[in-house]
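**Q** What follows is the residue order along each chain.
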Amino acid sequence: MVLRTLDVLRPQISDGLLSLKQGTLYPLLLRLEQEGAIPSEWSPSENNRRARFYRPTRAGRKLLKAEKSDGEQIAAIIAYFFEVKAQDLA
Amino acid sequence: MRALIRLFTRLLNFTTRRRGDERVTDEIESHLATRTEENIPGMSPGEARRHARLKFGALEAVREDNHAEESLPFVENLLLDVRHALRVLRKSPAFTAVALLTLMLGIGANIVVFGVLNAVLLHPLDVSDPQSLYQIRHKPWMSGRLLTTSYPAFEDFRQRNTTFSGMAGIYGYSHAGLSWRNAVMKVHGDEVTGNYFDLLGVQPELGRFFHAADEHGPDSAPYVVLSDALWRSAFQADRDVVGTTVELNKHPFTVVGVAPARFHGTERFVWPDYWMPMANEEQVEGSDYLHSRTSIAVTVIGRLKPGVPPQWATENLNAIAAELAKEYPETDDGQSLRLIHPGLLGDDGDVIRGFLYSVTVLALLVLAAACANLATLFAARAADRSRELALRVALGSSRRRLVRLLLTEAVTVSLMGGAAGLVSADLLLGVLNRSDPFVGQLTVSVEARVYLAGLALTLGSALLFGMVPAWQTWQSSPLQMMKSGPADAMHLRRFALRDLLLGAQIAICTLLVTASLVAVRGMVRALHAPLGFQPQGAMLADLDLSQVGQAGDVALEKKKAMIEAARGIPGVTAAGTVSRTPMTGGMHGIPIFRPGTTEFKLNNAVLAPYVFTMSPGYLDAAGTRLLGGRDVSWQDTTKTPYVAIVNETFGRKMWGQTPAIGQRFILRGKLTEVVGVAEDGKYHDLQESPQAVVYLPLSQSEDGEAVFVVRSRLAPNEMAAALEGTLSGIEPNVPISVESWPDTLEGELFPARAATVALGVMGLLAAMLAVTGIFGMAAYSVSRRLKELGIRVALGARKTQVMSAAVGRPMVLLGVGSVLGLLAGIFASRLLGQIVYQANPRDPVVLGGAVLTMALLGIAASAIPARRALAVDPSILMREE
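Line by line, the protein sequences are chains A and B.
The numbering of the first sequence is the numbering used here, which starts it at 230 and goes up by one.
The numbering of the second sequence is the numbering used here, which starts it at 7 and goes up by one.
Possibly wrong hints are sitting among the right ones.
Restraint ranges, calculated between C-beta atoms of paired labels, are given here [what the hints assert, rightly or not]:
#1 A:Lys294 - B:Leu503: 41 to 47 angstroms
#2 B:Leu421 - A:Lys294: 46 to 52 angstroms
#3 A:Thr286 - B:Glu43: 26 to 32 angstroms
#4 B:Phe14 - A:Ala305: 32 to 38 angstroms
#5 A:Tyr283 - B:Leu433: 44 to 50 angstroms
#6 B:Ser403 - A:Glu301: 53 to 59 angstroms
#7 B:Leu65 - A:Arg287: 57 to 63 angstroms
Facing chain A, a subset of chain B residues (Cβ under 7 angstroms, in silico) [to be verified]:
#8 Arg8
#9 Arg12
#10 Thr15
#11 Glu66
#12 Val68
#13 Asp71
Calculated directly from the structure, the hints in this document are not laboratory data.
We put the CB at the ideal spot given by N, CA and C, even for glycine.
So here's chain A without its partners, still in its complex pose:
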């Protein structure tokens, strides 16, 4: 359910931290689907509208975990560089 995800992310997006058009998401979803990470299907949503639901597979979860740890590592490294002070290097 794409909209739910967007709702969760909304504060960040609307705060202007990350300004993305919502439609940008769809090609990315398709790519993930082609990689077999999140197959999708049409189902009725809670307000009885036809909506497309994406669910991660096991491979998808593994992928998420891997990407997550990669991302965290990169973030950590970058953060470390910002915290280094001149006297640390001396």
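Following the hints, put chain B in place on chain A, whose structure we already have.
**A** Positioned in the frame of chain A, the structure of chain B alone reads:
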């Protein structure tokens, strides 16, 4: 892995043309609907929907991005471009036909040349590890002489060297009458040392090969290995032939095996019919060369030990040669040696290599000229289409897209032309292979490497001629393109580029025309070079009496009888025999000494002339003029003083201005008196410098070899039948081959002929390209300036003025290009020298011919456009548009 799965899915989507457009549209609709619903509290429905769409972003862009993710947009666009290109090309069939034809010729010529180059030079010999296999040659550069050394010296080299893991000897001139089931056929093959096959690392197709262990001294190994071709042609591919006995020159030999079809010994052009152990050579040759240090009979090949550089091996061999010269001063001259890769007739390899590489360069030049031609055509077309292109840019097409469109067009044309070129090259090579025009045997096949080269050439030329219009389009601004009409003076710069292309094309074409004229001149010169004999009107009959075990006086009497019988045939004017006719290879000098020499060391020899043994009447039959003295006669026998006839060069080198007749020299240990002087000639090949030659009487010689030379007034085929009948009437059991003399010399003239054909074809292609180039340029400029010319005529321009306006520029380019081409030809004389003996592009005939050709081509090509310009009727033109 993930990327692979994705690629596969996309490929699948692409091939099945599955489209997810509908799904995306639905999904987006559901997205927007939900959002709109959520927005409704506090907004009007229209406002709510607008808000939702704003948040969502550009619908079409998302849809396109989605599509791009889904399938292979690059390939899809490519297909669209190709389809468009095909449509555009179909719209102008004349243009397409010219472009395709040009490319077909250019690429086809290159594929043929590369095919030959590949078969002759790039294809390794079919032996294991051909890189470490070397042939040992004498230091002085020698043409045609394959033999390296005597058999005893070969044994010395083999035992004393420390740098070769193995060394084998080959005598490649073995000829025999092969009898099998009452049939006798003439075959030729290699006599090889027992380790030959093991050294080369070849495996038999059938049966086994012989090995060093099979030999236990002379005549101990009566085995023969058949070539696949002989096995198929003479033995009907009978598998049971292995183990049976055949006769070679009346001596029994056991067929032990058949060589694989790919294996043809170590020479590319001469394919042996059989291989037999050298230990048994006397049975076939009729004479023993295994124990004589003076018969240079062995070609030596060897395989270097792993890690030993050829340099060390050469030094090692030279040290041995020097030792041998000390130990055997009478026979071994200690000439220094060097290593070459075997396969191309010894040192002729350099000539062949130079020839093929030079022809390749010329073929590439033809393609370059073709590309220049096509670039001009395509640029002109792009200029004509400038409005269409401008419209495309104005409608939002990116320049990159436009360039891609034009390049796709070029690549499409060139792929089609390349395919046509490949097919025609394949057909041409097929015809060439069947008609067997190559010296000896050689099959040129179009294989993977040739296909790849063809593809590379095709794409390369597409880039060359496709870049020009693409670049022009890139440079121009759409506004300019829209504004300016087709015949605008603003295009001056574009014309300048096209002028450059045409000039380059004409220069290349002039160079090629010059080259082909040089080749034709060389051929004419080769054909008219004084040979010292007259092959026209003479027949050669080859029969070997030693094949029926006859030798000595019996054989001599028989030959005498045969010559008499041949003379008796009506129409015959002269007949005689000679040990071997000139220009059939295998010549080597025999040392001669001045009278009074006691030590017959090679260092004391005065000359090393070629020696021919002949019967009385040979000189007459061969058409060699006797300048003084007498012919040999049957009365010169071993009991009378030894006599000889020498040629002019021999006399001059030995005795200078003193008349040669009556002088003496020592040959093979016998004091010989000169009784006659014959004219000089060519003995080994057409290129040789004047050679000293001695003719000895057959009746004083131990050498039994004899080829019958019969001169007659009859037609060759009549004569052949009569001669064969007469000779076999006297000796029915020997295979006789009768040929006309000019036919046997074909091989010798082959290089000159091949060069002439190759360069002639290139020259012709170049001439065609020059014509289409000039014609295209002139026709184009006339058609674009028709209106202007009409106005000029209306204003009273004279014919010459109209002409110069119409075709002046192409003519100027023709002049400039021709001069540049001629200069290039003069500077490229080294290149041409590789192809044609004594090529001289400064030859006034060649220069004049090239200028005349280019002028005629120019006139022919611009005649039609010029006529069209002159026929301009202003009244009709002005009413148009």
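**Q** So, against the hints stated earlier in the document, which numbers end up violated here?
**A** 1, 5, 6, 7 and 11
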